[in-house]
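**Q** Construct the complete structure from the given sequences, taking the supplied hints into account.
Those sequence lines, one after another, are chains A and B. Our numbering numbers the first residue of the first sequence as 467 and each following residue consecutively. Our numbering numbers the first residue of the second sequence as 1126 and each following residue consecutively.
Where hints are given, some of them may not hold.
[Said to hold, decoys possible] Derived DEER-like restraints, expressed as beta-carbon distance ranges:
#: 1; chain 1: B; residue 1: LEU1231; chain 2: A; residue 2: VAL620; range: 50 to 60 Å
#: 2; chain 1: B; residue 1: PHE1203; chain 2: A; residue 2: ARG586; range: 43 to 53 Å
#: 3; chain 1: B; residue 1: PHE1203; chain 2: A; residue 2: LYS651; range: 38 to 48 Å
[Unchecked claim] Straight-line C-alpha distance at most 25 Å; calculated SDA-like pairs for lysine to any residue:
#: 4; chain 1: B; residue 1: LYS1208; chain 2: A; residue 2: LYS651
#: 5; chain 1: A; residue 1: LYS525; chain 2: B; residue 2: ASP1214
#: 6; chain 1: B; residue 1: LYS1208; chain 2: A; residue 2: GLU563
#: 7; chain 1: A; residue 1: LYS615; chain 2: B; residue 2: ALA1213
#: 8; chain 1: A; residue 1: LYS670; chain 2: B; residue 2: ARG1175
#: 9; chain 1: A; residue 1: LYS670; chain 2: B; residue 2: ASN1430
#: 10; chain 1: A; residue 1: LYS670; chain 2: B; residue 2: GLU1263
#: 11; chain 1: A; residue 1: LYS615; chain 2: B; residue 2: ASP1168
#: 12; chain 1: A; residue 1: LYS615; chain 2: B; residue 2: SER1151
#: 13; chain 1: A; residue 1: LYS615; chain 2: B; residue 2: ASN1431
#: 14; chain 1: B; residue 1: LYS1208; chain 2: A; residue 2: ARG567
#: 15; chain 1: A; residue 1: LYS615; chain 2: B; residue 2: ASP1214
#: 16; chain 1: A; residue 1: LYS651; chain 2: B; residue 2: ASN1430
#: 17; chain 1: B; residue 1: LYS1208; chain 2: B; residue 2: GLN1384
#: 18; chain 1: A; residue 1: LYS651; chain 2: B; residue 2: ASN1379
#: 19; chain 1: A; residue 1: LYS651; chain 2: B; residue 2: ASN1431
#: 20; chain 1: A; residue 1: LYS525; chain 2: B; residue 2: ALA1382
#: 21; chain 1: A; residue 1: LYS525; chain 2: B; residue 2: ILE1380
#: 22; chain 1: B; residue 1: LYS1210; chain 2: A; residue 2: ALA605
#: 23; chain 1: A; residue 1: LYS525; chain 2: B; residue 2: ALA1213
#: 24; chain 1: A; residue 1: LYS525; chain 2: B; residue 2: ILE1162
#: 25; chain 1: A; residue 1: LYS670; chain 2: B; residue 2: GLU1179
#: 26; chain 1: B; residue 1: LYS1208; chain 2: A; residue 2: TYR672
#: 27; chain 1: A; residue 1: LYS525; chain 2: B; residue 2: GLN1436
#: 28; chain 1: A; residue 1: LYS720; chain 2: B; residue 2: GLN1436
#: 29; chain 1: A; residue 1: LYS525; chain 2: B; residue 2: SER1151
#: 30; chain 1: B; residue 1: LYS1298; chain 2: A; residue 2: ARG567
#: 31; chain 1: A; residue 1: LYS670; chain 2: B; residue 2: GLN1436
#: 32; chain 1: B; residue 1: LYS1208; chain 2: A; residue 2: LYS720
#: 33; chain 1: A; residue 1: LYS615; chain 2: B; residue 2: ARG1172
#: 34; chain 1: A; residue 1: LYS615; chain 2: B; residue 2: ARG1175
#: 35; chain 1: A; residue 1: LYS670; chain 2: B; residue 2: ASN1379
#: 36; chain 1: A; residue 1: LYS670; chain 2: B; residue 2: ASP1168
#: 37; chain 1: A; residue 1: LYS670; chain 2: B; residue 2: GLU1147
Everything labelled a hint here was simulated from the structure, so no lab data went into it. Model, not experiment: these values are computed from the prediction. Glycine residues also receive a C-beta, built at the ideal position from the N, C-alpha and C atoms.
For reference, the chains in residue letters:
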Amino acid sequence: MSTLPSTMHAMQSWMQEALAFPQSTSSQQLEQLLEPSSRLSGTQRLAIYQRSYYLRLLKCMREQFPALCHALGEELFNDFAYQYLQALPSVSYTLYELGRRFPGYLEANRPDAGQPDEQRESWVDFMVDLARYEFQLFAMFDAPGHEGKPFASVDTADNRLLLQPCFALGNYRFPVAWYYHEVRKRNDAGFPHLERSPVALVRKDYLTHTFPLSIPEYTFLLALEANQNIETALEMVAGKLELPMNQVSSSWSKPNGIRARWITAGFFITAD
Amino acid sequence: MPEITKQAGLGLGLGLRNTHFEYILSEWPAVDWFEAISENFMDSGGRPRRVIQEVAERYPLVLHGVSMSIGSTDPLNFDYLAKLKALADELQPVWVSDHLCWTGVLGVNSHDLLPVPLTEESFSHVAERVRQVQDFLERPLVLENPSTYITFSQSNITEPDFLRQLSNETGCKLLLDVNNVYVTCFNADADPVAYLESFPSENVVQIHLAGHQHCGTHIIDTHDGPVCSDVWELFRLAWSHCNAPATLLEWDGNIPAFQECHTELLKAREYMDANGMPLPDRAGQAVSTGSVPNPLDFLVPEVMNNTVLEQV
Ligand SMILES: [Fe+2]
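**A** Now the structure itself:
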C-alpha cells in the first residue's frame, strides 16, 4: 500500500492526480485523507470534483471548436478532447489557451499515424485543418488589433503599406472556412472535398473576416508577411510562379485590383 | 499600501458577463457597480478590452480573479501577477480579489477552485504568499471563502478562524460568499449560522450571492439560477454583522437577460432592511442534469458570431 501524502505539496500533487486520473487513487488511502459526511463517503465527495474536472473543461473545448464538434458529433469530439486534456492538461492561467495545442495533438495522434502518406485518411486531415482554423479565429477575436486607429487609404504609397497587426494567413487542404460558416448558419454541411484553400484573416471593427485567396495572392501575402515590402513581394510572386512582372504588378495596382480591395478591407496600416 | 476605504456605499453590483455587453453598452443600466473576471481582460486586445474600459469609465469596478492560486505549493506566477497589476493600474478597480484556494500544482491548472487543508502549515504558506502578492500589487488583496465538497482529515482550523487570522496578520480583506457558506456547510454537515457568527465580519468588504443546485446528498455551486430563500436569510444575517459591504450577484450558467439578473440582485434590498419583507422565492427548480460546480464556459467568449466569410 502506498504511503499517505504528508506535506501540503504531496497532498496537492496527489489530489491533482486524482482529478485527472480518477482510477489512480486507492479508496483506502482516500478514506484516510478525507472525512465522510453524513450522506457521502470521502470517495464520493472527491468524485464531485473528479466528475466536474472534465465536464467543465470539455464544455470549454466545445466552445472553442464548435465546428469541429459539429463535424465529429459531440460524443466523438468529447473522446478526442478528453484524451487531449489527459495528455496535455492546461498549463496556463487563462482558459483562452486551453485549445492551443489541440490541432497539433490531433495531428500527432491520428489513428493512421503509422501509414504512408498516400494511405492516410483524408477526414483526419480535414479535422486537423478545421481545428487549426477554429483556434486561429478564437485567438484573433481577442488579439491586439488596430481598432480605433487609422488604416491605410488607396492614396497611401506602396512603400508605406504595412500589414495590420490582427492579420493571419492559412493554407488548408479543405475549404474549412466555408465549412465553419455553414455550421454557423446552421446548415447541415456535408464533408467537403479535398481542395487547396489558402485564406487571409483580417480583423476590422472587431469582426474577423476570412478572405479566400488564389495561389498567387497567398504567395504574395506570405512574402509580404516575411519582409513587409510590396515591391519585393511582387517580385517573389513573379519569380516563384514564373509570371511576367508587368502582369503581376498590374493585377496588384489596377483600378479595383487587389491593392484597392485589400486596402478597403483593412489589410493595411500606414508605416510612420 | 493604500487602504480599502470605499466599500461603504458601493451598493449592489453584478458580475460583468460577455452576453450582457451589448445591453450594457447601449442602455447603461442603473446598476451600482460591476465585478469583472480579471483573466478575461488581462490579455485582451480585442473588443472585451474596449468594453471594460468603457465600463470602468462609468461604473465602479472590482477585479475578481480565478487563477492566482494563492494556496498552491507551486511558486507564485509573477508573469500572471504583472499582468494583473497592469490591468489594475489601467482600470483602477476599487479592489482586486481572488479565492482562498489552489488551482493546480506542478505547472498544471485545473481551472477549479480547490480547497486548502486548514492547518498551521497551510496558514504560514498562504499568509506568506498573501504578503508577497500585496507587496507586488501594491494594493490589499481581498480573499473569498470558496465552496467546498470535501473535508481534509488533517484540517484542524475552521475556515472563519483561518480567514480571521489571515486578515489580521496580512491586512488582506475578505469577500464573504454567503452561497458558498451555505454550500460548504451543507456538504460538511456544519451549521451555516454558526459559521457566519464566527466569521470576522469586521474585515469583510464584499459579499457574494449566487444560485446553486441541491442534489440531495450534496449541493453544487452552479451559479446558474436565482438565490434560494435559505441563502437570502443568510445574507440578511451576514449583512447585519458587516459594515455595509459591497454586494454582488454572480450568475454564470444559463445566464438570463441583464434585466432579470438585475431584478434578482435588487431583491437584496429586502434583506438589508431589518424590517423589510422578502419578495416571494423563485428558486427551487428541479435539478438539471450535467450541472457542474463553478461553470467555466462563461469565461470563454462566443467567437462564431464575430466572424465573416468573404466571397471569392
Ligand atoms: Fe463567489
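**Q** Decide, hint by hint, whether the structure agrees.
**A** So, going through the hints one by one against the coordinates:
LEU1231(B) and VAL620(A) have their C-beta atoms about 55 Å apart, which keeps the hinted 50 to 60 Å range intact. About 44 Å separates the C-beta atoms of PHE1203(B) and ARG586(A), a value consistent with the hinted range of 43 to 53 Å. Separated by about 45 Å at the C-beta atoms, PHE1203(B) and LYS651(A) satisfy the suggested range of 38 to 48 Å. For the proposed pair LYS1208(B) and LYS651(A), the alpha carbon gap of about 37 Å is over 25 Å, so the pair is violated.
The hinted pair formed by LYS525(A) and ASP1214(B) fails the criterion: a straight-line CA distance of about 33 Å is larger than 25 Å. Of the pairs offered as hints, the one joining LYS1208(B) and GLU563(A) holds, with about 16 Å between alpha carbons and a cut-off of 25 Å not exceeded. Proximity of LYS615(A) to ALA1213(B) is assessed by CA-CA distance (about 24 Å); at most 25 Å being required, the pair is judged to hold. Between the alpha carbons of LYS670(A) and ARG1175(B) the distance comes to roughly 14 Å, so the proposed pair stays at or under 25 Å and holds.
At most 25 Å may separate the alpha-carbon atoms for a hinted pair to count; LYS670(A) and ASN1430(B) meet this at roughly 14 Å. Under the criterion of a C-alpha separation no larger than 25 Å, the hint pairing LYS670(A) with GLU1263(B) is inconsistent with the structure, at around 37 Å. The suggested pairing of LYS615(A) with ASP1168(B) holds, with an alpha-carbon distance near 19 Å, which does not exceed 25 Å. Distance restraint check for LYS615(A) and SER1151(B): the Cα-Cα separation of roughly 22 Å lies within the 25 Å cut-off, and the hinted pair is therefore satisfied.
A C-alpha spacing of about 20 Å is found between LYS615(A) and ASN1431(B), which places the hinted pair at or below 25 Å, so the restraint holds. For the given pair, LYS1208(B) sits about 23 Å from ARG567(A) by alpha-carbon distance, which is consistent with the 25 Å threshold. Between LYS615(A) and ASP1214(B), the direct Cα distance comes to roughly 23 Å. Compliance with the 25 Å bound is thereby established for this hinted pair. At most 25 Å may separate the alpha-carbon atoms for a hinted pair to count; LYS651(A) and ASN1430(B) meet this at roughly 10 Å.
Distance hint between LYS1208(B) and GLN1384(B) is unfulfilled; the C-alpha atoms sit about 32 Å from each other, more than 25 Å. Only pairs whose Cα atoms come within 25 Å are accepted, and LYS651(A) paired with ASN1379(B) is accepted, the gap being roughly 22 Å. Proximity of LYS651(A) to ASN1431(B) is assessed by CA-CA distance (about 13 Å); at most 25 Å being required, the pair is judged to hold. Between LYS525(A) and ALA1382(B) the CA atoms are separated by roughly 21 Å; this keeps the pair inside 25 Å, and the hint holds.
Note on LYS525(A) and ILE1380(B): the hinted pairing holds, with a Cα-Cα distance of about 15 Å set against a maximum of 25 Å. As the CA atoms of LYS1210(B) and ALA605(A) are separated by approximately 23 Å, the hinted pair is consistent with the 25 Å bound. Distance check on the hinted pair: LYS525(A) and ALA1213(B) sit about 29 Å apart at the alpha-carbon level, beyond 25 Å; violated. At roughly 19 Å between alpha-carbon atoms, LYS525(A) and ILE1162(B) fall within 25 Å of each other, so this suggested pair holds.
For the suggested pair LYS670(A) and GLU1179(B), the alpha carbons sit about 19 Å apart, so the restraint of at most 25 Å is met. The hinted pair formed by LYS1208(B) and TYR672(A) meets the criterion: a straight-line CA distance of about 23 Å does not exceed 25 Å. A hinted pair counts as satisfied when its Cα atoms are at most 25 Å apart, and LYS525(A) with GLN1436(B) does not qualify at roughly 32 Å. Distance hint between LYS720(A) and GLN1436(B) is fulfilled; the C-alpha atoms sit about 20 Å from each other, no more than 25 Å.
Straight-line distance between C-alpha atoms of LYS525(A) and SER1151(B) comes to about 30 Å, which puts the hinted pair past the 25 Å bound. Straight-line distance between C-alpha atoms of LYS1298(B) and ARG567(A) comes to about 38 Å, which puts the hinted pair past the 25 Å bound. For the suggested pair LYS670(A) and GLN1436(B), the alpha carbons sit about 16 Å apart, so the restraint of at most 25 Å is met. For a cut-off of 25 Å, the pair hint linking LYS1208(B) to LYS720(A) is broken: about 46 Å separates their Cα positions.
Annotation: proposed proximity of LYS615(A) to ARG1172(B) holds, straight-line Cα distance about 14 Å (limit 25 Å). A threshold of 25 Å between alpha carbons decides the hint, and for LYS615(A) with ARG1175(B) the separation of about 13 Å falls inside it, so the pair holds. A hinted pair counts as satisfied when its Cα atoms are at most 25 Å apart, and LYS670(A) with ASN1379(B) does not qualify at roughly 30 Å. Between the alpha carbons of LYS670(A) and ASP1168(B) the distance comes to roughly 19 Å, so the proposed pair stays at or under 25 Å and holds.
With a CA separation close to 18 Å, the supplied pair LYS670(A) and GLU1147(B) stays within the 25 Å bound.
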